[in-house]
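Novice: In case you want the letters, here they are:
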Amino acid sequence: MSFTLEKIADYLDAKFIGDPELEICGLGTLSAAEPGQLSFLANLAYKDQLDTTKASAVIIHSRQVDDCKTAAIILDNPYLGYAKVSELFDTLPNPDSNIHHSAVVSSSATIGRNVTLGPNSVVEDNAIIADNAVIGSGSVVGVNSRIGEGTRLHHNVSIYHDVVIGNQSIIHSGAIIGSDGFGFANNKGQWVKICQIGGVLIGDNTEIGANTTIDRGAMSDTKIGNGVKLDNQIQIAHNVEIGDHCAMAAGTMIAGSTKIGNCCTLAGGVGVAGHLSIVDGSHVTALTLVTKSITEPGSYSSGTAMSKTSEWRKSAARFRQLDDMAKRIKVLEKASEG
Amino acid sequence: MSFTLEKIADYLDAKFIGDPELEICGLGTLSAAEPGQLSFLANLAYKDQLDTTKASAVIIHSRQVDDCKTAAIILDNPYLGYAKVSELFDTLPNPDSNIHHSAVVSSSATIGRNVTLGPNSVVEDNAIIADNAVIGSGSVVGVNSRIGEGTRLHHNVSIYHDVVIGNQSIIHSGAIIGSDGFGFANNKGQWVKICQIGGVLIGDNTEIGANTTIDRGAMSDTKIGNGVKLDNQIQIAHNVEIGDHCAMAAGTMIAGSTKIGNCCTLAGGVGVAGHLSIVDGSHVTALTLVTKSITEPGSYSSGTAMSKTSEWRKSAARFRQLDDMAKRIKVLEKASEG
Amino acid sequence: MSFTLEKIADYLDAKFIGDPELEICGLGTLSAAEPGQLSFLANLAYKDQLDTTKASAVIIHSRQVDDCKTAAIILDNPYLGYAKVSELFDTLPNPDSNIHHSAVVSSSATIGRNVTLGPNSVVEDNAIIADNAVIGSGSVVGVNSRIGEGTRLHHNVSIYHDVVIGNQSIIHSGAIIGSDGFGFANNKGQWVKICQIGGVLIGDNTEIGANTTIDRGAMSDTKIGNGVKLDNQIQIAHNVEIGDHCAMAAGTMIAGSTKIGNCCTLAGGVGVAGHLSIVDGSHVTALTLVTKSITEPGSYSSGTAMSKTSEWRKSAARFRQLDDMAKRIKVLEKASEG
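These protein sequence lines are chains A, B and C, in that order. Okay, so the first sequence: first residue is 165 according to the numbering used here, each after it adds one. Okay, so the second sequence: first residue is 165 according to the numbering used here, each after it adds one. Okay, so the third sequence: first residue is 165 according to the numbering used here, each after it adds one.
Mixed in with the good hints, there may be bad ones.
[What the hints assert, rightly or not] BS3-like, lysine-lysine: derived pairs with alpha carbons at most 30 angstroms apart:
hint : chain 1 : residue 1 : chain 2 : residue 2
1    : B       : Lys-472   : A       : Lys-423
2    : B       : Lys-494   : C       : Lys-472
3    : C       : Lys-478   : B       : Lys-456
4    : B       : Lys-352   : C       : Lys-179
5    : C       : Lys-179   : A       : Lys-472
6    : C       : Lys-456   : B       : Lys-478
7    : A       : Lys-352   : C       : Lys-472
8    : B       : Lys-478   : A       : Lys-498
9    : A       : Lys-494   : B       : Lys-472
10   : C       : Lys-456   : A       : Lys-478
11   : C       : Lys-352   : B       : Lys-352
12   : C       : Lys-472   : B       : Lys-491
13   : A       : Lys-352   : B       : Lys-171
14   : B       : Lys-352   : C       : Lys-472
15   : C       : Lys-218   : B       : Lys-357
16   : C       : Lys-387   : B       : Lys-498
17   : A       : Lys-472   : B       : Lys-352
18   : C       : Lys-491   : A       : Lys-494
19   : C       : Lys-494   : B       : Lys-494
20   : A       : Lys-494   : B       : Lys-218
21   : B       : Lys-494   : C       : Lys-491
22   : C       : Lys-179   : C       : Lys-218
23   : C       : Lys-491   : B       : Lys-478
24   : A       : Lys-218   : C       : Lys-233
25   : C       : Lys-478   : A       : Lys-498
26   : C       : Lys-352   : A       : Lys-423
27   : B       : Lys-218   : A       : Lys-387
28   : C       : Lys-478   : B       : Lys-491
29   : A       : Lys-491   : B       : Lys-218
[What the hints assert, rightly or not] Pulled a few chain C residues facing chain B out of the computed Cβ check, cut under 10 angstroms:
hint : residue
30   : Phe-180
31   : Pro-184
32   : Ala-196
33   : Val-269
34   : Ala-413
35   : Trp-476
Just so you know, these hints were derived from the structure itself, not from any lab. Predicted, not measured: the structure shown is a model, and the values here were computed from it. Note that beta-carbon positions come from the ideal geometry of N, C-alpha and C, so glycine has one too.
Given these sequences and hints, build the entire structure.
Specialist: If you want it as structure tokens, here you go:
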């Protein structure tokens, strides 16, 4: 797999400097690239690596091009250029557009054109698999669910009933969509199940990470907008609504009925309590617990910074005394005034 | 799917106000319900919504019934009433009580009456599937394991060997029960595996969430009581014992050999260290780290409250100085006394 | 399954005290063992249990042997002895070295000698399954991937393409290896996917826990060394590198491109930010957020200690005032000096 410098620049609709016939056979960071590979300078902290990189060409902003000793492809957003060119070198096996003889397909299911159903995949009653969709080995699409055009389920994905996934989306292995929301009424100390009769509605161009779980709604649907990117092991509880173009890193958990606006970014391991609202464009840092609604865009955090355990123990012990300490400061201030 | 008001009231053994022939075709919250749907008032914070709801009937306590402008079903515990009636409207596909031709069943396994074995399910040697149990597509029941009467495994569940699951339980997709506990002895810097020869014992009427993992015991069994409800992505380590009627929200992790009493509730993302005891009726708030035993019922917490990141950074920096601050307060107090 | 005391002592290359013909039929802790079982004293906190244990024999250090009233096997490292003897009593079903008729194997795959391919397992194009490897029911090995000699994948494991797993490793159910790293370029508010064209490289003698996820590299490989033990529900992001003989407890998450040295131990629920380095031999306590590189071996922590929620609320409120409190102490000190 290789492309000439000119071909890549054309693909990116970009100007370039260097031999148009230069063969590019792969991608690498400035520090790790080998001869024949294309790199990029997106973060100026790495600018010095332009002097030492073994890359044969670099995607770069016009402002840095004079510092570039290799061939160059010039773009305003080099990182976006890298993203686009990564598709040329993708190693993901192409689907074979076949229905494998071991796939189990209900006679009431609707299967579109050029659909791939992998070995041991299952499509249940009244499910719809739209054109060009790919259902990986061992994946199950439940009753009445719909997989959109060109959407790809990797291996061992479980889709429950009444789940709608839009077009051109990617669902990674082990993801579970449509499992029951966690709802129970307490009856004299025992838990009585609340049947979860809503479904899940997921937009177009989404990506759902490996082993991420998205629960079905209690009465109405859990909703995930267009262009949303969820990393691995995320948990979305029942009736959560997530706006368009949000991105959440691994391990983040959103409790029931919380509404998250558009273009929010949540770092890894964040917990968001239930029945909250988070305004468009909010950012939450890693391992933060969000216990109240966020009404103003900005960056939010909780937790404490890391220390050596021996020092941390002292701080942690004092944390319990904080209210007492604050009161003693007040007493001292009064005495000082007095 | 619809039921008359009278039929629903009869089912709940409740009095009602309104046209007995009123057709109820679904459920909705007070704010989201549409005409023809039944709602409920459980949390008095939503009482004002009685004025504006489009629901055709509301399950309500007798104390609020005068404020209700719609038809009403009168119950002391409206939320419990809602839970019970949700079953009438459940959308979960019924099992077909068939053994699918693609299921792989050991000749030494015992399969009860009216059992459903979905496509590509696997039942290994000497496993027992009791009457009316349902094994979803792609689920595996390991050697010597037992699935109780009426228990349902959704799709792609993995049950290892020597796991006993009681009756009328629900195991969601991607749950793993009986994986090896994390046990190793260190031999000059290298880890030597401790074979995990115990099993897992789970009671009746339990629910295990999607992608939750429950490890087998090191020597004796990991034990989960009756009526326990575990949300998604929970981790139960080897030899944990959980009493009856506990409920744990998503992402909670219990380390090895910890014993949790009856009727405890753990919110999401809680971590409980190993070899602890937690007394009956304890509650732990979200993302708390439990590092010592809880001997007195009550609510327990750790962590810090969320702030804007810019303000949080200051607090986090000061957290490291807490011991110093406390000592300086003491010096000031001495000086003030002196 | 039983062994004489002499046979077990021989197996451990250890001296023993007691009847060489004593039959040992199982293992148990000092407090839980029943007659006929072998126990061990590894942690001296349990030494008093020597007086009351019902075990028939105990693996013990020579220094404690005089306090042992039962038969004894004498070893410098009793816990290691227990680990080794656990193998004799392992209950894990042996693989049958058969290729099940329902397994789906590409004609271009290479299958070694004595390989077990369980029901509904899938081996894709050009994959290699080395001698004595075991692929559990419903597990999938992707295109060009390699499973090393004697390595066992339990049920419903998903291995993507271009993943290499070394010899004698154990991969638990639901583990996902080679899923896409979480990489996107932002283009005017929308996320453009960066194809993840690297693979995953895992060493020998590793163990990967249930539902753990390991992402493939963005351009080069994600790398996990020899002898690494990962518990359940761990997340390893793209291009993470983990040295040899590390152990990580459940729920720990490592963000992209972080490098972890040899022999590090991370407790449960730890979060490590991206692009950091952690030096050999570091330890991180449970639920800690690591936000900067660790350059000196030692133990590191963050978070706060658990309190009753009512008291915690006061501390948490004061946490937000910490910077103000610190400044007020300074003012008081100046006044006091003045």
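Novice: Give a verdict on every hint.
Specialist: Evaluated hints:
{"no.": "1", "hint": "Lys-472/B to Lys-423/A", "verdict": "holds (19 angstroms)"}
{"no.": "2", "hint": "Lys-494/B to Lys-472/C", "verdict": "holds (25 angstroms)"}
{"no.": "3", "hint": "Lys-478/C to Lys-456/B", "verdict": "holds (20 angstroms)"}
{"no.": "4", "hint": "Lys-352/B to Lys-179/C", "verdict": "holds (21 angstroms)"}
{"no.": "5", "hint": "Lys-179/C to Lys-472/A", "verdict": "violated (42 angstroms)"}
{"no.": "6", "hint": "Lys-456/C to Lys-478/B", "verdict": "holds (17 angstroms)"}
{"no.": "7", "hint": "Lys-352/A to Lys-472/C", "verdict": "holds (25 angstroms)"}
{"no.": "8", "hint": "Lys-478/B to Lys-498/A", "verdict": "holds (25 angstroms)"}
{"no.": "9", "hint": "Lys-494/A to Lys-472/B", "verdict": "holds (25 angstroms)"}
{"no.": "10", "hint": "Lys-456/C to Lys-478/A", "verdict": "holds (20 angstroms)"}
{"no.": "11", "hint": "Lys-352/C to Lys-352/B", "verdict": "violated (54 angstroms)"}
{"no.": "12", "hint": "Lys-472/C to Lys-491/B", "verdict": "holds (25 angstroms)"}
{"no.": "13", "hint": "Lys-352/A to Lys-171/B", "verdict": "holds (25 angstroms)"}
{"no.": "14", "hint": "Lys-352/B to Lys-472/C", "verdict": "violated (41 angstroms)"}
{"no.": "15", "hint": "Lys-218/C to Lys-357/B", "verdict": "holds (26 angstroms)"}
{"no.": "16", "hint": "Lys-387/C to Lys-498/B", "verdict": "violated (57 angstroms)"}
{"no.": "17", "hint": "Lys-472/A to Lys-352/B", "verdict": "holds (25 angstroms)"}
{"no.": "18", "hint": "Lys-491/C to Lys-494/A", "verdict": "holds (12 angstroms)"}
{"no.": "19", "hint": "Lys-494/C to Lys-494/B", "verdict": "holds (13 angstroms)"}
{"no.": "20", "hint": "Lys-494/A to Lys-218/B", "verdict": "violated (54 angstroms)"}
{"no.": "21", "hint": "Lys-494/B to Lys-491/C", "verdict": "holds (16 angstroms)"}
{"no.": "22", "hint": "Lys-179/C to Lys-218/C", "verdict": "holds (21 angstroms)"}
{"no.": "23", "hint": "Lys-491/C to Lys-478/B", "verdict": "holds (11 angstroms)"}
{"no.": "24", "hint": "Lys-218/A to Lys-233/C", "verdict": "violated (69 angstroms)"}
{"no.": "25", "hint": "Lys-478/C to Lys-498/A", "verdict": "holds (22 angstroms)"}
{"no.": "26", "hint": "Lys-352/C to Lys-423/A", "verdict": "holds (23 angstroms)"}
{"no.": "27", "hint": "Lys-218/B to Lys-387/A", "verdict": "holds (22 angstroms)"}
{"no.": "28", "hint": "Lys-478/C to Lys-491/B", "verdict": "holds (20 angstroms)"}
{"no.": "29", "hint": "Lys-491/A to Lys-218/B", "verdict": "violated (52 angstroms)"}
{"no.": "30", "hint": "Phe-180", "verdict": "violated (19 angstroms)"}
{"no.": "31", "hint": "Pro-184", "verdict": "violated (24 angstroms)"}
{"no.": "32", "hint": "Ala-196", "verdict": "holds (6 angstroms)"}
{"no.": "33", "hint": "Val-269", "verdict": "violated (16 angstroms)"}
{"no.": "34", "hint": "Ala-413", "verdict": "holds (6 angstroms)"}
{"no.": "35", "hint": "Trp-476", "verdict": "holds (4 angstroms)"}
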